[in-house]
Structure formats: structure tokens, C-alpha cells
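With the working numbering as the guide, the letters of the first sequence map in order to residues 696 to 896.
Read the hints as simulated data drawn from the structure, not as lab findings.
Possibly wrong hints are sitting among the right ones.
As the list claims (entries may be wrong) - List time: in silico DSS-like cross-link candidates among lysine-lysine, alpha-carbon distance up to 25 Å:
id, residue 1, residue 2
1, 798, 841
2, 772, 721
3, 846, 742
4, 721, 841
5, 798, 846
6, 798, 772
7, 846, 797
8, 846, 721
9, 742, 752
10, 753, 742
11, 721, 798
12, 721, 752
13, 772, 841
14, 841, 752
15, 772, 742
16, 742, 797
What the hints assert, rightly or not - Label-pair ranges, simulated between beta-carbon atoms:
id, residue 1, residue 2, range
17, 853, 802, 15 to 25 Å
18, 724, 860, 16 to 26 Å
19, 856, 797, 33 to 43 Å
20, 825, 725, 18 to 28 Å
21, 698, 814, 32 to 42 Å
Built from N, CA and C at the ideal position, the CB exists for glycine as well.
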Amino acid sequence: MLNQTFFDRDPCQLAQALLGKVIRRKQQGVWLSMRIIETEAYYIDDKASHASLGYTKKREALFMPAGTIYMYYARGKPSLNVSSHGPGNAVLIKAGFPYFDKKSPMAGQQIMQLLHDAPRPLERMGNGQTILCRSLHLTVPEWDQKTFDNKVFYIEDLGLTPRQMITTKRLGIPVGRDEHLPYRFLDADFLKSVSACKLKH
DNA sequence: CCGACGATAGTT
DNA sequence: ACTATCGTCGGT
């Protein structure tokens, strides 16, 4: 499990370091895993960040020690973030890709499927910040302002480093609004499988 | 109570 | 580009 020190660094550095790390979530007695393939760094001074709106009870996690989980509703659905170095700074887990190994059996795929209303192909189980939360059954009331727990929910370093990483503030976004956008990082190997549908040109 | 607005996701 | 969706927030 990644320790508190891991999260206590600059948001952009943390966002990059999280690429390739594996989220482990125990559900119905089975470990479900997602390899992180896309992240976004939000600074307290960015207009795009929630922290820039000021401190409130709901946004308190952003001002808590690095490594604190911040969950909020994006378009009514849960979204996962982790606070980083500096008050108000955080990283959003934007997308993941299902990962299977000794600890996480392929059978977990069926459990993820049951967490959704409609059938969903495996490669899209982590295709988006709210979809990923749904696939792992991560909810706002259960995890906002909490820290990771090696018994049921944590992030692990398995040494999987992206072959090539893409970082940009304006992928698929209209030019001229860059200053309102977060820093974005994604594992280039998954660009085709996951981001293609979101960035279609 | 109501209307506007998202750090969305999927389809045309 | 369009829109179904739903929790928040601010104004009545």
C-alpha cells in the first residue's frame, strides 16, 4: 500500500507517479483491481479546482493531510480524488483499466458487472472517473475524508510504469480555455483503447 | 420549491 | 454537437 509520504508531493508529480499504480478494492470477498491510466492535477489556485472556491465542510478533504481521499458528486455520480502536498491541492483519478493477477481473479469481472445497471464491456469498466467508482463500489459517504485501508481499499505499486506518457492541458478541448483546465496525464499505451471514444476527432 | 449548473458519459 | 442524468447550491 502506498504510504502517506508517497502522496505528499506536488500535484503534477503525484498525478504522474500514480499512472501505472493499481487500485485494489475488496468487494463481496473478492479483490477487484484497476490500473490507473489517466489522472488530473488540481491546484488550489487553478480556477478549475474545487479548492479555489474556498474551504467548506464538503471540500474539507482537500485541505486535510496528503493522502486523504476526497470524493464528490460529478453530474450526480461519485468521483475519486486524493489530496496531495499543499492545502487545497489534489489529484483526480480520471480513468483506469481492469487488472487481474493472483490477488484479483478474473471472476471479479462478474462482480463489477453486477455493480452496473446495464451490461458493460470489460475495457470500459474504468472508462471515466465516475464509471471507475461505480465499478469498484466506491461511494462518497463511505470514503470522503477517509484514508486508504489495506483491508478493503488501497493503491499499490506493482512496478508497472507507462511506456510512454502523455501530458497536456488541451487534449480535445477548445483552445482559449486552457487557463481553466487542469494538468492532465495519461498512459499512452491506453490512449487508443480508452480515450479514443472521448477524444474522437 | 425551483432553476441553473457541473472536474460526466455516450450517442448522433 | 447534443443530451440524459442527479446531487448541490442559491434564490424565492
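Note to self: Check the structure against each numbered hint from earlier and tell me which ones fail, lowest number first.
What the structure shows: As far as the earlier hints go, 3, 6, 12, 16, 18 and 19 are violated by this structure, in ascending order.
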